[in-house]
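Model the full structure from these sequences, guided by the hints.
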Amino acid sequence: MIKYSSKVSKKLFKMEISLCSDNLNIVFENEIEDTDDILNKKFSTLLNNVDRLQKEGGSGLVKARKIVKYDLGCVENEVVVSAKEGKCIGSITINIEKLKRW
Numbered sequence: 002m003i004k005y006s007s008k009v010s011k012k013l014f015k016m017e018i019s020l021c022s023d024n025l026n027i028v029f030e031n032e033i034e035d036t037d038d039i040l041n042k043k044f045s046t047l048l049n050n051v052d053r054l055q056k057e058g059g060s061g062l063v064k065a066r067k068i069v070k071y072d073l074g075c076v077e078n079e080v081v082v083s084a085k086e087g088k089c090i091g092s093i094t095i096n097i098e099k100l101k102r103w
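Counting in my numbering, the sequence shown runs from 2 upward without gaps.
For the record, the hints were derived by calculation from the structure and aren't laboratory data. Some clues are possibly wrong.
[Stated by the list, open to error] Subject to a maximum C-alpha distance of 25 Å in a straight line, what follows is the list of computed BS3-like cross-link-like pairs (lysine-lysine):
#1 Lys43 x Lys85
#2 Lys88 x Lys64
#3 Lys43 x Lys70
#4 Lys70 x Lys99
#5 Lys85 x Lys64
#6 Lys88 x Lys42
#7 Lys67 x Lys99
#8 Lys15 x Lys64
#9 Lys88 x Lys15
#10 Lys67 x Lys43
#11 Lys15 x Lys85
#12 Lys15 x Lys70
#13 Lys15 x Lys67
#14 Lys42 x Lys15
#15 Lys42 x Lys85
#16 Lys64 x Lys42
#17 Lys43 x Lys88
#18 Lys99 x Lys64
#19 Lys42 x Lys67
#20 Lys42 x Lys70
#21 Lys43 x Lys15
Since we're looking at a predicted model, the values are computed, not measured.
Quick look at the structure:
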């Protein structure tokens with residue numbers, strides 16, 4: 002998310018963590034340079050490209066979604082990234098009640 006939102010590497014972002022009912026929500030936000038449309042298309046392509054699971058580099062978003070949904074054992078968990086009003090917003094939702102029991 003942060004990597005794709007700027008032509009120059011910036012490490013500044015806002016992070017909010019909340020617990021609502023049984024859902025742990027982690028939201029990352031940073032400023033973007035490209036238009037919302039350009040980044041939303043890029044994010045959609047990256048998140049839906051399961052071929053990237055087998056590759057090294059540039060596959061962080063799809064791997065994060067796989068871990069959150071399948072490795073944690075709850076397909077209701079989600080990783081969402083979108084650009085809106087000049088900001089890139091990444092959201093991770095994990096149902097802590099349904100975490101896979103080890």
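Hint check, failures only: Violated hints: none; all satisfied.
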